[in-house]
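With the hints as constraints, model all of the structure from the sequences given.
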Amino acid sequence: MDLLYAAEIYLLTLLKISYEVGICLISLLAVMALIRIITKDKAVFTKRLLKLKEKMYGINIRHCK
Numbered sequence: 000m001d002l003l004y005a006a007e008i009y010l011l012t013l014l015k016i017s018y019e020v021g022i023c024l025i026s027l028l029a030v031m032a033l034i035r036i037i038t039k040d041k042a043v044f045t046k047r048l049l050k051l052k053e054k055m056y057g058i059n060i061r062h063c064k
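When the count follows numbering that gives the first Met the number 0, it moves up by one through the sequence shown with no breaks and lands on 64 for the last residue.
If you're looking for bench data, these hints aren't it; they were derived computationally from the structure. Please note that a few of the clues may not be correct.
Cut-off 27 Å, straight-line C-alpha distance, at most; resulting in silico cross-link-like pairs (BS3-like, lysine-lysine) [stated by the list, open to error]:
1. Lys-39 / Lys-52
2. Lys-39 / Lys-15
3. Lys-50 / Lys-39
4. Lys-41 / Lys-54
5. Lys-52 / Lys-41
Everything numeric in this text was worked out from a predicted model, so none of it was measured.
See below:
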């Protein structure tokens with residue numbers, strides 16, 4: 000009986016964590032869509048990611064193939 004109770008608590012915890020992660024992902028996508036609409040730039044996040052990589056690695060990744 001104790002094993003079933005522990006398994007139930009474990010499953011409920013996993014369910015709660017998955018709900019929280021889902022809510023965070025949905026809100027993150029909503030914020031990203033809002034930023035994209037406000038800036039009217041479809042590649043705003045790609046550009047920022049490339050700038051971050053350039054600062055981290057010290058090379059211009061856009062021109063490297």
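Quiz item: Going back to the hint list, which numbers does this structure go against?
Solution: 2
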